[in-house]
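K.L.:
Sequence:
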Amino acid sequence: MELGSGLENIMEIMDMEEMKGGGKVLEKDGCYGIDFENVSFRYKEDGNDALRSVSFRLAPGTINAFVGPSGAGKTTAVQLLGRYWDLNSGTIKIGGTAISELKTENLMDLSAFVFQDIFLLEDTLLENIRMGSGASEEKVREAAKAAQIDEFIMSLPKAYQTRIGAEGVRLSGGQQQRISIARAILKDAPIVIFDEATSYADIENEHKIQIALQNLLKGKTTIMIAHRLYTIRNADKIIVFQDGSVTEQGTHEELVKKDGVYSRMWDACTKSAFGKEEI
1 MELGSGLENI MEIMDMEEMK GGGKVLEKDG CYGIDFENVS FRYKEDGNDA
51 LRSVSFRLAP GTINAFVGPS GAGKTTAVQL LGRYWDLNSG TIKIGGTAIS
101 ELKTENLMDL SAFVFQDIFL LEDTLLENIR MGSGASEEKV REAAKAAQID
151 EFIMSLPKAY QTRIGAEGVR LSGGQQQRIS IARAILKDAP IVIFDEATSY
201 ADIENEHKIQ IALQNLLKGK TTIMIAHRLY TIRNADKIIV FQDGSVTEQG
251 THEELVKKDG VYSRMWDACT KSAFGKEEI
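Just so we're aligned: the sequence shown equals residues 1 to 279 in the numbering used here.
Heads up, a few of these hints could be off.
Subject to a maximum C-alpha distance of 25 angstroms in a straight line, what follows is the list of computed DSS-like cross-link-like pairs (lysine-lysine) [stated by the list, open to error]:
#	residue 1	residue 2
1	20	139
2	103	24
3	257	28
4	103	20
5	24	139
6	257	271
7	93	139
8	93	103
9	158	28
10	187	218
To be clear, the hints were calculated from the coordinates, so they are not data collected in a lab.
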């Protein structure tokens, strides 16, 4: 298990320029839509446009998928939603309020991120789920049960007091992701950003993760960065990114009827491994 895995995400946030937030606050127990309005963004390092005039609306409480090739702009879009950087132009809104007008702490409270690469503490499983939140062990267990990881934890001699890391238990990739999902369930933010793992070690892990996700996403406005099309066929909306632009958006059924990027991606998937390979 790579304890530094996912550390890049933490370091990126720590190295960000300090953003000045506004004074507005949205209630954490609300349900909010997300609007991208002509959003453009360029990385300072290379001067290339990562996003160009991107616009879409995600309705409150819906499951939405971002698809497209590597480097198309999917990850940049969700990082901008979390305000890793400020936009060059355009506006991103949550619940009708521009994210630049929200208090920084409030914006962080509104979203839960589940990354592919998961940052793990060299600490107990309890603290790895709690992540300094002060939640009771009972609440942590409830989240772990919903994330389909409680049974595994309770099978260990020290249960939630089991340490992980160089001197402790090693977790599989699927177990690590369920720990990350448990964290997100415990946080109970109204917006969930889930970066789908490109593959799972076995069918059992994948099945448990799918159940965990169903529990996590209930009533949440969700963005899934999808790597396998068969997992997002039932999404309320699919946003197709290509070269920093949104080229198509709609349901799976709507997009496969078009002779567009998504339709060609789906055709390629269904002709190979029944749509289960990575994109």
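K.L.:
Indicate, hint by hint, whether the structure satisfies it.
P.N.:
Hints, verified against the model:
Distance hint between residue 20 and residue 139 is unfulfilled; the C-alpha atoms sit about 33 angstroms from each other, more than 25 angstroms. Restraint check for residue 103 and residue 24: the C-alpha separation of about 6 angstroms stays at or below 25 angstroms, so the hint holds. Restraint check: the Cα-Cα separation between residue 257 and residue 28 comes to about 38 angstroms, which exceeds 25 angstroms; the hinted pair is violated. Distance hint between residue 103 and residue 20 is fulfilled; the C-alpha atoms sit about 8 angstroms from each other, no more than 25 angstroms.
A C-alpha spacing of about 29 angstroms is found between residue 24 and residue 139, which places the hinted pair above 25 angstroms, so the restraint is violated. Between residue 257 and residue 271 the CA atoms are separated by roughly 17 angstroms; this keeps the pair inside 25 angstroms, and the hint holds. At most 25 angstroms may separate the alpha-carbon atoms for a hinted pair to count; residue 93 and residue 139 exceed this at roughly 31 angstroms. Restraint check for residue 93 and residue 103: satisfied, since their Cα atoms lie roughly 13 angstroms apart, inside the 25 angstroms limit.
For the given pair, residue 158 sits about 34 angstroms from residue 28 by alpha-carbon distance, which is inconsistent with the 25 angstroms threshold. Our distance criterion of 25 angstroms between C-alpha atoms is met by residue 187 and residue 218, whose separation comes to about 14 angstroms.
In summary, the structure is inconsistent with hints 1, 3, 5, 7, 9 from the numbered list given earlier, while agreeing with the others.
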